[in-house]
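Asks: Given the coordinates of chain V, assemble chain Y onto it according to the supplied hints.
Here is what each chain is made of, one letter per residue.
Protein chains: 2
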Amino acid sequence: MNTLYRPELLYSDGRLMSNGELLVSETGKILEISEKTNDSSTRVVDLPGKALLPGFVNAHSHSFQRLIRGKSESRLASGSDFWSWRGTMYHAANRLDPQDVYDVARMAFLEMVLTGTTTVGEFHYLHNAPDGKPYEDPNLLAKQVLAAARSVGICIVLLRTAYLRSGFNLPRDSGQIRFFESRSAFLENMDALIQEFRNVFEVSFGVAPHSVRAVPLSDLKEIVGWNRALNLPLHMHISEQVAENAACVREYGLAPVALLNRERILDANFTGVHAIHIDPNEIDMLAEANATICACPTTERNLGDGIFPADCVLNAGIRVALGSDSQAQIEPLEDARQLDYHLRLQRQKRTILDQIAAKPLATTLFECATIHGARSLGLHCGELKPGANADFFTVDLSDPSIAGNSADDLLSILVFSLNRSAVHDVVVNGRIILQDRRHPLHDEIVARYQEVHHKVWRTERLL
Amino acid sequence: MNTLYRPELLYSDGRLMSNGELLVSETGKILEISEKTNDSSTRVVDLPGKALLPGFVNAHSHSFQRLIRGKSESRLASGSDFWSWRGTMYHAANRLDPQDVYDVARMAFLEMVLTGTTTVGEFHYLHNAPDGKPYEDPNLLAKQVLAAARSVGICIVLLRTAYLRSGFNLPRDSGQIRFFESRSAFLENMDALIQEFRNVFEVSFGVAPHSVRAVPLSDLKEIVGWNRALNLPLHMHISEQVAENAACVREYGLAPVALLNRERILDANFTGVHAIHIDPNEIDMLAEANATICACPTTERNLGDGIFPADCVLNAGIRVALGSDSQAQIEPLEDARQLDYHLRLQRQKRTILDQIAAKPLATTLFECATIHGARSLGLHCGELKPGANADFFTVDLSDPSIAGNSADDLLSILVFSLNRSAVHDVVVNGRIILQDRRHPLHDEIVARYQEVHHKVWRTERLL
Numbered sequence: 001m002n003t004l005y006r007p008e009l010l011y012s013d014g015r016l017m018s019n020g021e022l023l024v025s026e027t028g029k030i031l032e033i034s035e036k037t038n039d040s041s042t043r044v045v046d047l048p049g050k051a052l053l054p055g056f057v058n059a060h061s062h063s064f065q066r067l068i069r070g071k072s073e074s075r076l077a078s079g080s081d082f083w084s085w086r087g088t089m090y091h092a093a094n095r096l097d098p099q100d101v102y103d104v105a106r107m108a109f110l111e112m113v114l115t116g117t118t119t120v121g122e123f124h125y126l127h128n129a130p131d132g133k134p135y136e137d138p139n140l141l142a143k144q145v146l147a148a149a150r151s152v153g154i155c156i157v158l159l160r161t162a163y164l165r166s167g168f169n170l171p172r173d174s175g176q177i178r179f180f181e182s183r184s185a186f187l188e189n190m191d192a193l194i195q196e197f198r199n200v201f202e203v204s205f206g207v208a209p210h211s212v213r214a215v216p217l218s219d220l221k222e223i224v225g226w227n228r229a230l231n232l233p234l235h236m237h238i239s240e241q242v243a244e245n246a247a248c249v250r251e252y253g254l255a256p257v258a259l260l261n262r263e264r265i266l267d268a269n270f271t272g273v274h275a276i277h278i279d280p281n282e283i284d285m286l287a288e289a290n291a292t293i294c295a296c297p298t299t300e301r302n303l304g305d306g307i308f309p310a311d312c313v314l315n316a317g318i319r320v321a322l323g324s325d326s327q328a329q330i331e332p333l334e335d336a337r338q339l340d341y342h343l344r345l346q347r348q349k350r351t352i353l354d355q356i357a358a359k360p361l362a363t364t365l366f367e368c369a370t371i372h373g374a375r376s377l378g379l380h381c382g383e384l385k386p387g388a389n390a391d392f393f394t395v396d397l398s399d400p401s402i403a404g405n406s407a408d409d410l411l412s413i414l415v416f417s418l419n420r421s422a423v424h425d426v427v428v429n430g431r432i433i434l435q436d437r438r439h440p441l442h443d444e445i446v447a448r449y450q451e452v453h454h455k456v457w458r459t460e461r462l463l
Numbered sequence: 001m002n003t004l005y006r007p008e009l010l011y012s013d014g015r016l017m018s019n020g021e022l023l024v025s026e027t028g029k030i031l032e033i034s035e036k037t038n039d040s041s042t043r044v045v046d047l048p049g050k051a052l053l054p055g056f057v058n059a060h061s062h063s064f065q066r067l068i069r070g071k072s073e074s075r076l077a078s079g080s081d082f083w084s085w086r087g088t089m090y091h092a093a094n095r096l097d098p099q100d101v102y103d104v105a106r107m108a109f110l111e112m113v114l115t116g117t118t119t120v121g122e123f124h125y126l127h128n129a130p131d132g133k134p135y136e137d138p139n140l141l142a143k144q145v146l147a148a149a150r151s152v153g154i155c156i157v158l159l160r161t162a163y164l165r166s167g168f169n170l171p172r173d174s175g176q177i178r179f180f181e182s183r184s185a186f187l188e189n190m191d192a193l194i195q196e197f198r199n200v201f202e203v204s205f206g207v208a209p210h211s212v213r214a215v216p217l218s219d220l221k222e223i224v225g226w227n228r229a230l231n232l233p234l235h236m237h238i239s240e241q242v243a244e245n246a247a248c249v250r251e252y253g254l255a256p257v258a259l260l261n262r263e264r265i266l267d268a269n270f271t272g273v274h275a276i277h278i279d280p281n282e283i284d285m286l287a288e289a290n291a292t293i294c295a296c297p298t299t300e301r302n303l304g305d306g307i308f309p310a311d312c313v314l315n316a317g318i319r320v321a322l323g324s325d326s327q328a329q330i331e332p333l334e335d336a337r338q339l340d341y342h343l344r345l346q347r348q349k350r351t352i353l354d355q356i357a358a359k360p361l362a363t364t365l366f367e368c369a370t371i372h373g374a375r376s377l378g379l380h381c382g383e384l385k386p387g388a389n390a391d392f393f394t395v396d397l398s399d400p401s402i403a404g405n406s407a408d409d410l411l412s413i414l415v416f417s418l419n420r421s422a423v424h425d426v427v428v429n430g431r432i433i434l435q436d437r438r439h440p441l442h443d444e445i446v447a448r449y450q451e452v453h454h455k456v457w458r459t460e461r462l463l
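These protein sequences, in sequence, are chains V and Y.
Quick note: the first sequence uses our numbering, first residue 1, plus one each step.
Quick note: the second sequence uses our numbering, first residue 1, plus one each step.
Honestly, the hints are just simulated from the structure, not real lab data.
Hints may be right or wrong, so weigh each one.
[Stated by the list, open to error] Over 12 Å on every C-beta distance to chain Y, these chain V residues come out as not near it, computed from the model:
id, residue
1, Met-1
2, Lys-71
3, Met-107
4, Ser-184
5, Val-203
6, Glu-222
7, Ala-243
8, Ala-268
9, Leu-343
10, Arg-344
11, His-439
[As the list claims (entries may be wrong)] Covered stretches of chain Y, going by a simulated chain V footprint (3 or more residues, C-beta under 8 Å):
id, segment
12, 347–358
13, 449–457
Yeah, the Cβ is synthetic: ideal placement off N, Cα and C, and Gly gets one too.
For reference, chain V alone in the conformation it holds in the complex:
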């Protein structure tokens, strides 16, 4: 039976409309979006006092990093830069058994759902046992993350990561031994995983060469070539830190984006994650290739990465997706608004990203949190259009963070001020996974997570 959702306000194409209706098929696809088309053979869900919007797409997540929330905010524990922070992160990564990986991922995914997120792109590089050897099933940990997503009900794209070395002319870092595979093992494992989940609708895959640091160019070219037939999304960290660019120049004589451009690796399947330290030529290259950039502002401010040049990037016509990355916070619209806010701090002007492609600022930022993420992950979601997955959430229009609103101003109020307390219901592929702010597995997920936290942090000092 089809279901007809009748919210007070319905998002459609960058604006909210009164009296809109959303018709969803039994198979979880959007059939129609319209102003009051009625059909007596459908189940009707009235949503008075609610607005219905496409679910957020979190295009870059490392779920296990939820464990370091609050653990790296002191110099005594984690030093004072990105590289010493990474030591804390490795410490957590190296203590997790397969059950822990599942428990921590469920915690992160539950919190995403509570914020209205319906899809996660999980950039997964935790492959081996703590001793650095592959598990009997080398995809065990990837499957734990997939199982966590399915338990919570969030749609997942597993971006399986190739992590082949510590860096140019560097010995293997013992903190990274759970990440390493050979190129051939990576391709073999990737292939096996894709085959195994071929018929699972809410699970899909992408290829994720970790970075130019961790994947030598010759291997990268092989992986990219391997993917030409599959046409999967291809995600890579690029230009998050100045030191990373400098190392790439030392090895190849070019910065990462310029190198990838020369090697014809940039294309419409490519998403560069961070891309903070890129120059105007590199922006042109990414635009020309029709690539996406995934920004992660709440993480980038936490890690001291720098300010993402969102105006130059968006003005060049590049799609910007968003990711919660390190899980310092899981707040999709906080990420979105920071695209503009960090430029405001830098330029001492307001509404920097307004009227790009003639769109209001709130629409541009909301699209970064939704449809551009969907495009980056190769999915048809993040918008309410016929044929798209029925992935959406509702907000309570009387929540104090957004109270006082109308169809005209709600989107702007949401983008700049929404608190998760307003998120009421979440639907993925037509299935309700959060109802009246409550997930059925909430208590179990939190209790299990608390146990993992205790186990990992029993020993207090790290460095």
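Replies: Below, chain Y alone, put in the same frame as chain V:
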């Protein structure tokens, strides 16, 4: 009867302790904080699974600006700088009748309580009727704001504002006609208000010359002199925008802080709000005078004011309080964490404010949100010590934003990741005003506010 609160974790002096207890008198004062002192003549409130912390002090609020949330995030509506934003704000200010002022203030104060805020410093400059004439009671609107605070149950310090002119050599701006008083009217009205509320415990007052722009130096000196006997907190906007500094230099040959220093206006009662564009000499002057600075990072990023130099200020020993200011967001710990985060973006380093005065970063930021605000407002709250007001809140330790915690790391997790969904109970002066996340007047406050929003924004285009 005394009440003994027994939470799982209790905040005391910058850290959390297990098995701590808080004893509160019938009159709402803290009597004792200790590890397990038991007394059979007291009412016992067990709080398993909760942490108990001092309530946040919001030292700089313009409650009516809650109305412009989401209304100024487009160039078409509000231009692209601070000064054109101000036009939107004046538009809202000029449409409010006394009932509206009450309704909007209640909305803002309710949201503050939902985030764990127990005290607000309301910088109140809306004095006159819409035609610019004083109401029959020239304190009518101030009393509406006080009534709103008392209705919600939040403790308030009304910082009554002197707004005497539009600026140096400027004609009166018609957008400001509700703000203007003469100096003598200001002092008379201030005096009458203080007398009338002399015996109301949860209401107190401060003096707030709006800025060097809006108060000529001769008047400022009179007001400051008048306050010497009363010894009230004295708050002023200073150095929020570069243009404001430049105007001060044109008029007096000095930037605002240097001018106030020369005139001996800076002292321990003085709080300068914003203080973004100040130089090292001015920082020394504020430190020497034992003055406070109130930063408002969520507003300052929204308005494109610039990055507050928190490291220089805190390293000089200056107390930093925090304010929600324009109410773009009401998130005390988001303000707190931005003190460090905005410097991280600028410097590409982490934990910039860690180990100042040998304190962990989270403690320093938490104290900005609590005890430094209390000091700025002349109150004894913001800490859990014998003799202080029993103003505190509890958090649910299993909330997904902070789940996975211990006494050792909870404060850092709270400061960097707390969502208001974790705030469970709020107590002001020993009285429970939020219980199990619910305020008794919630629905009425939101419904009334929605009506005001509709009335004010009926006409859509502003500029």
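Asks: Each hint: holds or not?
Replies: Results of checking the hints against the structure:
At the 12 Å boundary, the C-beta of Met-1 of chain V stays outside the reach of chain Y, the nearest C-beta of that chain being 33 Å off. At the 12 Å boundary, the C-beta of Lys-71 of chain V falls inside the reach of chain Y, the nearest C-beta of that chain being 6 Å off. With a least beta-carbon separation of about 7 Å from chain Y, Met-107 of chain V fails to lie farther than 12 Å from that chain, contradicting its non-interface assignment. For Ser-184 of chain V, the requirement that its beta carbon stay farther than 12 Å from each beta carbon of chain Y is met, with the minimum near 37 Å.
Consistency note on Val-203 of chain V: stated as away from chain Y, and its beta-carbon is indeed over 12 Å from all of that chain's, at 23 Å minimum. A cut-off of 12 Å between C-beta atoms confirms that Glu-222 of chain V is not in contact with chain Y; the least separation is 34 Å. With a least beta-carbon separation of about 10 Å from chain Y, Ala-243 of chain V fails to lie farther than 12 Å from that chain, contradicting its non-interface assignment. The non-interface label for Ala-268 of chain V is consistent with chain Y: the shortest C-beta to C-beta separation is roughly 30 Å, beyond 12 Å.
Listed as outside the interface, Leu-343 of chain V is inconsistent with that label: its C-beta sits roughly 9 Å from the nearest C-beta of chain Y, within the 12 Å cut-off. The Cβ of Arg-344 of chain V does not lie farther than 12 Å from every Cβ of chain Y; its closest approach is about 4 Å, which violates its non-interface assignment. With 12 Å as the threshold on Cβ separation, the claim that His-439 of chain V sits away from chain Y is violated: the shortest Cβ distance comes to roughly 9 Å. With 8 residues having a Cβ less than 8 Å from any Cβ of chain V, the segment 347–358 of chain Y passes the three-residue criterion, so the hint holds.
A stretch counts as covered by a chain when three or more of its residues have a beta carbon under 8 Å from one of that chain; for the segment 449–457 of chain Y and chain V the count is 6, and the coverage holds.
Hint check: violations occur at hints 2, 3, 7, 9, 10 and 11; the rest are consistent with the structure.
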